Amino acid sequence: MTTADALVSAEAAAGTTPVAHRTDVRPPLPPSDIERGRRGPSTIRHGLTLAWRGVIKTIHSPEALIDVTLQPVIFLLLFVYVFGGAIAGNTTDYLQFALPGVLVQTVVFASAGTGVGLAEDLHTGIFDRFRSLPISRSAPLVGAIMADLVRYLTSGVIMLVLGVILGFRMHTGPLAVLAAMGLVMVFAFALCWVFTALAMLVRQPRSVQGIGAMIMLPLTFGSNVFVPSSSMPGWLQAFVDVNPVSKVADAVRGLLTGGPVAGPATTSLIAAAVIVAVFAPIAVTLYRKRA
Amino acid sequence: MDTVIHVEGLEKSFGATKALAGVDLTARRGTVLGLLGPNGSGKTTTVRVLATLLRPDAGRATVLGHDVVAAPAAVRARIGLTGQYAAVDEALSGTDNLILIARLLDMPRRAARTRAAELIERFGLTDAATRRVRTYSGGMRRRLDLAASLIGRPDVLFLDEPTTGLDPRHRNEVLDQVRALAADGVTVLLTTQYLEEADQLADDLVVIDTGRVIASGTPASLKAEVGGQRLHVRPLHRTDIPAASAILAGLAGETPVVDASGELTVAAREPGLLHVAGGRFDEAGLAIAELGLRLPSLDDVFMTLTGRSTEDAEKQAGPTDQEVAA
Chain A
1 MTTADALVSA EAAAGTTPVA HRTDVRPPLP PSDIERGRRG PSTIRHGLTL AWRGVIKTIH
61 SPEALIDVTL QPVIFLLLFV YVFGGAIAGN TTDYLQFALP GVLVQTVVFA SAGTGVGLAE
121 DLHTGIFDRF RSLPISRSAP LVGAIMADLV RYLTSGVIML VLGVILGFRM HTGPLAVLAA
181 MGLVMVFAFA LCWVFTALAM LVRQPRSVQG IGAMIMLPLT FGSNVFVPSS SMPGWLQAFV
241 DVNPVSKVAD AVRGLLTGGP VAGPATTSLI AAAVIVAVFA PIAVTLYRKR A
Chain B
1 MDTVIHVEGL EKSFGATKAL AGVDLTARRG TVLGLLGPNG SGKTTTVRVL ATLLRPDAGR
61 ATVLGHDVVA APAAVRARIG LTGQYAAVDE ALSGTDNLIL IARLLDMPRR AARTRAAELI
121 ERFGLTDAAT RRVRTYSGGM RRRLDLAASL IGRPDVLFLD EPTTGLDPRH RNEVLDQVRA
181 LAADGVTVLL TTQYLEEADQ LADDLVVIDT GRVIASGTPA SLKAEVGGQR LHVRPLHRTD
241 IPAASAILAG LAGETPVVDA SGELTVAARE PGLLHVAGGR FDEAGLAIAE LGLRLPSLDD
301 VFMTLTGRST EDAEKQAGPT DQEVAA
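Here the protein sequences line up with chains A and B, keeping their order. By my numbering, the letter at position 193 of the first sequence is numbered 193, and the numbering carries on one by one without gaps. By my numbering, the letter at position 199 of the second sequence is numbered 199, and the numbering carries on one by one without gaps.
For the record, the hints were derived by calculation from the structure and aren't laboratory data. There are no misleading hints in this set.
Part of the chain A face toward chain B, derived, beta carbon under 10 Å:
1. S61
2. D121
3. F127
4. F130
5. P134
Covered stretches of chain B, as calculated for chain A (at least 3 residues, CB under 8 Å):
6. 81-87
7. 101-107
What follows is a list of derived Cβ distance ranges for each label pair:
8. B/T164 - A/P62: 24 to 32 Å
9. A/Q209 - B/N172: 39 to 47 Å
10. B/R28 - A/S207: 41 to 49 Å
11. B/A58 - A/Q209: 33 to 41 Å
12. B/K18 - A/R288: 21 to 29 Å
13. B/N172 - A/A213: 42 to 50 Å
14. B/K18 - A/R206: 29 to 37 Å
15. B/D2 - A/K289: 34 to 42 Å
16. B/I288 - A/E63: 54 to 62 Å
Note that this is a predicted model, so its numbers are computed, not measured. We treat Cβ as the ideally placed atom computed from N, Cα and C, and that holds for glycine.
When you get a sec, could you build the whole thing from the sequences and use the hints?
Listed below in C-alpha cells is the structure:
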C-alpha cells in the first residue's frame, strides 16, 4: 500500500467520509471561529488528514523515529543496567520500579518533539499554505497533535514490550495496563500543549529543542521516575512530590504493578486538565496571531 | 465583474516598521499584475494580506468581491498561494503532497488522486512523483509548490517571487506556466524583484517602494513615462572608456553613465544618434564591442522614479518583508 492509499483509507476507516461528517461533527470552536469552506466546517476531518501527514512524516524521517524508538530504549537500558544495581540493589528490582516511570519520561521527551516539529513547519512555509486553504485555522494544530499521540503511543508500547522482554512483570490485568497507557497519553497530550505554545513563542526549532530540554530534564529527573524521593534532600523532595510527572509515575506504577491508584491518578488528571487549560489557549492564540 | 483584486489604502506595521503605508492596486480578470520592488518594499506583506494570512491595520482589500478581513474563508476558497519558500512537505512524496492538499480541499479520494497525477505530469515531475521531496532539486520543489497551489483550480493565484533561486531554465518553465494560467483566465498577482521578469510577464505593473506605490501602469506606459530610448555603448577595451565617454557627451549633451561592466548609457533624444555615434567611434579608431538603442529597462524606471537604484533601496529598507513577517 502506498502512503497515498494509507492516507485515503485511514480516513475512510475513521469514518470520515464527507457526507457523514457534515451533519454530525461540528468543531468545538466558538461561532466566530467557524470558518466555512466549500463544504462547511470540518476541523476533525481535516485534522485527521493532517494527522496522517504527521504520521507519514515520522515514519519517513529517521531522526523523528529515533526519538520515539531508539532513544527510549537506550534510556531504559542505561538506567536499568548502569544505575539499577546502585539504586535498588539489583537490576531486576530496579526494572520493576523504574519501568512505569520511564514510560512517563519517554512520552514527556516525545511531547517536546511536537514543539520542534511545529516550529519546523512554521519555517518551511507549509503552515502558510494550510492557512491559505479553506480549512479551519486550528486544523493544522489539531492534526499535529493527533499525529503525535500516535508517536507517543508507539513509544509507550515499545517501552512496555522491551520492559517485558527484560523481565518486567505486570501484576494487574489488561484493563489496568490499558488504563496506564491511557493516563500516559492524556498526560502527553497535556504536555504537548506546553511545547506547542513554546514553539509558537520562540519559533526556532533549535531554540524549542533547547528550551524544551530545560523544561524536560528537571521535570523528569526531578521526579520519582528513576529514584524514590525519600533519598533526596528536603527541598528537592518537596518539588518531586508536587511534580506532576511523579504523580503520573505513581499512578502508572499502581496500574502496572499494583498499589494505590485513585489518589495519584486523580491528581494526574487534574494536573493534565490545568496544563491544557493554561497552555492550549496560549498556543492557539499565538498560532492565530502569528502571521 | 472585471476587477478581481482591489486594494485601497492598505497599511500594515510590524512594531515600528511600517511595511505598508497606503498601497492601492487593482488587477483585472485573466491578467498578470506584476508587483515590483526591491526587498523590504512591502511586496510580501501585500500578498500575505491578500491571501488572508495577515490582517491589515488600515485600508481595504477584496478578492473576487470578498473582503479579505470580513470574509477570509470565501477568499481562501478561490485562491492559490505560492510563497517564497517552497511550502511543501519534505518528508512526503510529490504525489502525497498534492493529495494532501486535495484532501484538505475536500476532494473525494479518487478525484484527489486524478488531480495530483494530472498536475505531476503537467509540471514534469512524473519521474520523481513517488520520491520524497527531500530529494528534489530547488526547481522541482518550486514546480511542485506551484502545482500544489493549483490543485483547487483557483481563480486567483498569488505568486510571491516564484522564480527566486531558480536557474534560468527552470525560471522560464515557471514563467511559461504562469503565462498559460493567465491565458486560461486565472488572475495572477506576481511579486518580483527581477525587473525584466515583470516586463516579460505582466500586463500591468505596480512599482512599490517602502510600502508605497510609486508608479503603476503597463510596462510600456511606465517606460514611456521614464523617457525614450537609450544608447548603449561598450568599448572593446576598457582603456577606451574615457574617449568614448567624451565623444558621447559631445553628441548627446550629457555625461554618459558608466556601469560596472564598462557599458556607457546616454539618453538618445536625436533619432540619428546611433549612426552619428558609430561614425565618430570609427573616426576615433575605437574598437566597439556593443552599440545599440534600447528601451529603458525597469531598473532605469526604478532609478528615475526614486532616484535610487534597487540595490540602494534594499539597503535602506532595513529588515526585509520575510524577516518582519517571520
